[in-house]
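Enquirer: Sequence:
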Amino acid sequence: MEPAQLPAHAPEEDVIGVSVARQISPMPEQTANAVPALAEDLIARIVGRMVPASPDVLRATRAGDVFRGFGKALRGSKKLHGLSYQTKKMMISMFWSHSWHGSTWRKYMTLLLFYNGPAAAVIACLGSAVASVLFASELLPVLHGPTNFTEDLPYSHWQSFWAALVGMILYILMLLFWRPVDSIFFDVICIDQVNPKRKGKGLMSIGAFLKASRSMLILWDATYSDRLWTMFEVAAFLRSREEGEMPKVVLRPTILGPCYLLLMLTVILVLTVADNVSVHLLSCWTGSSHFVLWALQFLICFCGLSVNTTTFREYFRSVSDSQEQLASWRLADVRCTCCDTGHVCGGGLCDREVVLKCICQWFGNLENFESRVQTEIMDTFVHEQSRQPFTYSQVVIALVPLLWSYLDSASAYARFTEWDPWLQASCQIARGLAWWLGVGPVAFLIQCRLACRFQRKCSWARCDPLINLLPLFAVVFVIFVAIVLEQLCFVPTLFHDGQTDNMLLFAAFVLPSAWLLYGYVGAGPRLTVSTSKHSIP
Numbered sequence: 001m002e003p004a005q006l007p008a009h010a011p012e013e014d015v016i017g018v019s020v021a022r023q024i025s026p027m028p029e030q031t032a033n034a035v036p037a038l039a040e041d042l043i044a045r046i047v048g049r050m051v052p053a054s055p056d057v058l059r060a061t062r063a064g065d066v067f068r069g070f071g072k073a074l075r076g077s078k079k080l081h082g083l084s085y086q087t088k089k090m091m092i093s094m095f096w097s098h099s100w101h102g103s104t105w106r107k108y109m110t111l112l113l114f115y116n117g118p119a120a121a122v123i124a125c126l127g128s129a130v131a132s133v134l135f136a137s138e139l140l141p142v143l144h145g146p147t148n149f150t151e152d153l154p155y156s157h158w159q160s161f162w163a164a165l166v167g168m169i170l171y172i173l174m175l176l177f178w179r180p181v182d183s184i185f186f187d188v189i190c191i192d193q194v195n196p197k198r199k200g201k202g203l204m205s206i207g208a209f210l211k212a213s214r215s216m217l218i219l220w221d222a223t224y225s226d227r228l229w230t231m232f233e234v235a236a237f238l239r240s241r242e243e244g245e246m247p248k249v250v251l252r253p254t255i256l257g258p259c260y261l262l263l264m265l266t267v268i269l270v271l272t273v274a275d276n277v278s279v280h281l282l283s284c285w286t287g288s289s290h291f292v293l294w295a296l297q298f299l300i301c302f303c304g305l306s307v308n309t310t311t312f313r314e315y316f317r318s319v320s321d322s323q324e325q326l327a328s329w330r331l332a333d334v335r336c337t338c339c340d341t342g343h344v345c346g347g348g349l350c351d352r353e354v355v356l357k358c359i360c361q362w363f364g365n366l367e368n369f370e371s372r373v374q375t376e377i378m379d380t381f382v383h384e385q386s387r388q389p390f391t392y393s394q395v396v397i398a399l400v401p402l403l404w405s406y407l408d409s410a411s412a413y414a415r416f417t418e419w420d421p422w423l424q425a426s427c428q429i430a431r432g433l434a435w436w437l438g439v440g441p442v443a444f445l446i447q448c449r450l451a452c453r454f455q456r457k458c459s460w461a462r463c464d465p466l467i468n469l470l471p472l473f474a475v476v477f478v479i480f481v482a483i484v485l486e487q488l489c490f491v492p493t494l495f496h497d498g499q500t501d502n503m504l505l506f507a508a509f510v511l512p513s514a515w516l517l518y519g520y521v522g523a524g525p526r527l528t529v530s531t532s533k534h535s536i537p
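Positions 1 to 537 (our numbering) are the ones given, in order, by the sequence shown.
The reader is advised that the hints may include incorrect statements.
Said to hold, decoys possible - Subject to a maximum C-alpha distance of 25 Å in a straight line, what follows is the list of computed SDA-like cross-link-like pairs (lysine to any residue):
{"#": "1", "residue 1": "197", "residue 2": "375"}
{"#": "2", "residue 1": "88", "residue 2": "165"}
{"#": "3", "residue 1": "88", "residue 2": "54"}
Stated by the list, open to error - Listed next, with one range per pair, are the computed distances between beta-carbon atoms:
{"#": "4", "residue 1": "490", "residue 2": "70", "range": "46 to 52 Å"}
{"#": "5", "residue 1": "88", "residue 2": "483", "range": "36 to 42 Å"}
{"#": "6", "residue 1": "330", "residue 2": "49", "range": "24 to 30 Å"}
To be clear, the hints were calculated from the coordinates, so they are not data collected in a lab. Computed from a prediction, not measured in an experiment: that's the story for all the values here. Ideal placement from N, C-alpha and C gives every residue a C-beta, glycine not left out.
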């Protein structure tokens with residue numbers, strides 16, 4: 001949160017240090033300059049008490065309201081206070097903390113995935129399953145390819161496309177237009193940006209908002225730990241917890257939101273585009289047509305995964321840099337908007353002075369607070385950055401187009417094959433689950449671990465892009481090993497005719513491997529947490 005939670009381009013009169021006292025009780029200009037220190041002491045005492053300036057100031061909004069107008073609130077719109085509602089203590093589910101100097105569109109994508117991603121994936125999979133059943137039952141027409149089964153027709157011609165099409169449309173619609181009702185605090189909505197008096201009361205009640213919130217969502221970017229107000233918010237939130245209460249902090253790096261969407265787009269292109277090519281052109285090509293198809297798929301993977309690998313390396317570098325920065329964090333090094341602009345207005349009031357006085361109230365002195373930042377707060381950041389950004393569930397959601405593609409294959413087998421079509425369809429479903437929940441997440445984990453290992457830029461700038469090839473070839477190797485293992489599982493005849501048992505055997509190999517790797521290794525960096533543990537009183 002930046003001063004007054006306003007964007008960097010906001011007018012000077014919108015900053016918290018810009019005469020908050022004058023917004024509540026206006027005074028003559030000649031008198032204002034004579035009492036800045038007194039006003040700062042008064043404001044610091046009010047903020048430090050963590051109580052609302054008046055009962056009607058404590059307000060919340062629904063998370064879905066922030067998504068209105070494709071993230072209008074994230075762009076700093078001031079006329080959204082009507083979307084908030086009065087609430088009570090501990091009735092705010094989550095306090096959103098962010099820096100106004102970060103990328104708006106990255107924050108928007110990250111929030112969409114955080115709140116709408118799981119629901120979008122579930123609805124899309126249900127719709128995809130319904131579409132595949134309707135196609136298998138011949139209630140949906142054939143879009144491309146053959147309309148019946150012949151023995152000399154390659155299996156790659158048997159395509160439905162309905163499951164992937166319906167799944168993709170539903171996912172996009174749910175992601176953009178689903179409106180979650182979770183109660184949250186978001187500055188420009190919950191604090192009146194139009195009425196100066198109400199705005200001043202809201203700003204001085206920021207401690208009350210933090211105390212009334214059950215958890216905190218940190219939209220983390222490279223500017224977060226450089227800003228005074230964002231670090232103050234984290235410290236105030238930890239300070240507001242009851243003795244012995246474990247603070248619930250959720251960290252979402254905004255740089256990774258677009259990465260997950262790009263990963264999903266890459267999977268969609270590899271599967272859907274390649275399937276279309278196989279239907280339209282495979283019959284016209286020579287015996288080497290499969291190699292041409294594989295080359296096309298590799299090209300799509302190369303473009304998408306190269307961008308992702310570059311972004312992952314950038315993220316891991318920023319994590320390492322932030323850990324080093326927090327280990328030697330000092331109040332003198334962080335920035336504040338009112339100080340950056342030279343205190344050109346506000347009667348001499350300074351955000352930094354107000355914050356420093358609050359810190360002294362809570363922690364005794366500034367040195368003690370800096371020590372706490374270098375221990376507890378750094379441990380919180382390290383724990384969240386190493387655990388949350390690359391969870392198994394997040395990766396599975398990003399790879400959900402894999403399931404849609406295999407549902408298409410299953411419905412095509414059920415419709416076109418003559419020998420036990422539903423058994424053939426169940427084989428494809430088992431195969432799809434194995435690749436979606438097993439092989440795909442393992443390949444992603446290997447890519448992330450190598451991107452973390454080779455995060456530093458090459459001293460010779462021209463060679464740096466070549467480093468991205470290592471994770472890419474590792475992904476190809478994992479997929480190759482999975483294909484070989486899959487073929488080996490096809491060899492034995494198990495309990496029944498057909499290949500469903502073989503696919504279940506394949507799944508029995510890859511699924512536990514994925515779960516064990518994510519449980520004990522993880523795709524994120526394993527950062528070291530400091531051994532000193534202090535509880536913030």
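Enquirer: So, for every hint listed, does it hold in this structure?
Expert: Right, here's what the structure says about each hint:
1. 197 / 375: It is violated: about 38 Å lies between the C-alpha atoms, which goes past 25 Å.
2. 88 / 165: Answer violated: residue 88 to residue 165 is near 45 Å, above 25 Å.
3. 88 / 54: Holds. Residue 88 to residue 54 sits at ~12 Å (cutoff 25 Å).
4. 490 / 70: 46 to 52 Å: About 48 Å separates the Cβ atoms of residue 490 and residue 70, which means 46 to 52 Å holds.
5. 88 / 483: 36 to 42 Å: Violated: the Cβ-Cβ distance is about 57 Å, outside 36 to 42 Å.
6. 330 / 49: 24 to 30 Å: With Cβ atoms ~27 Å apart, the hint holds.
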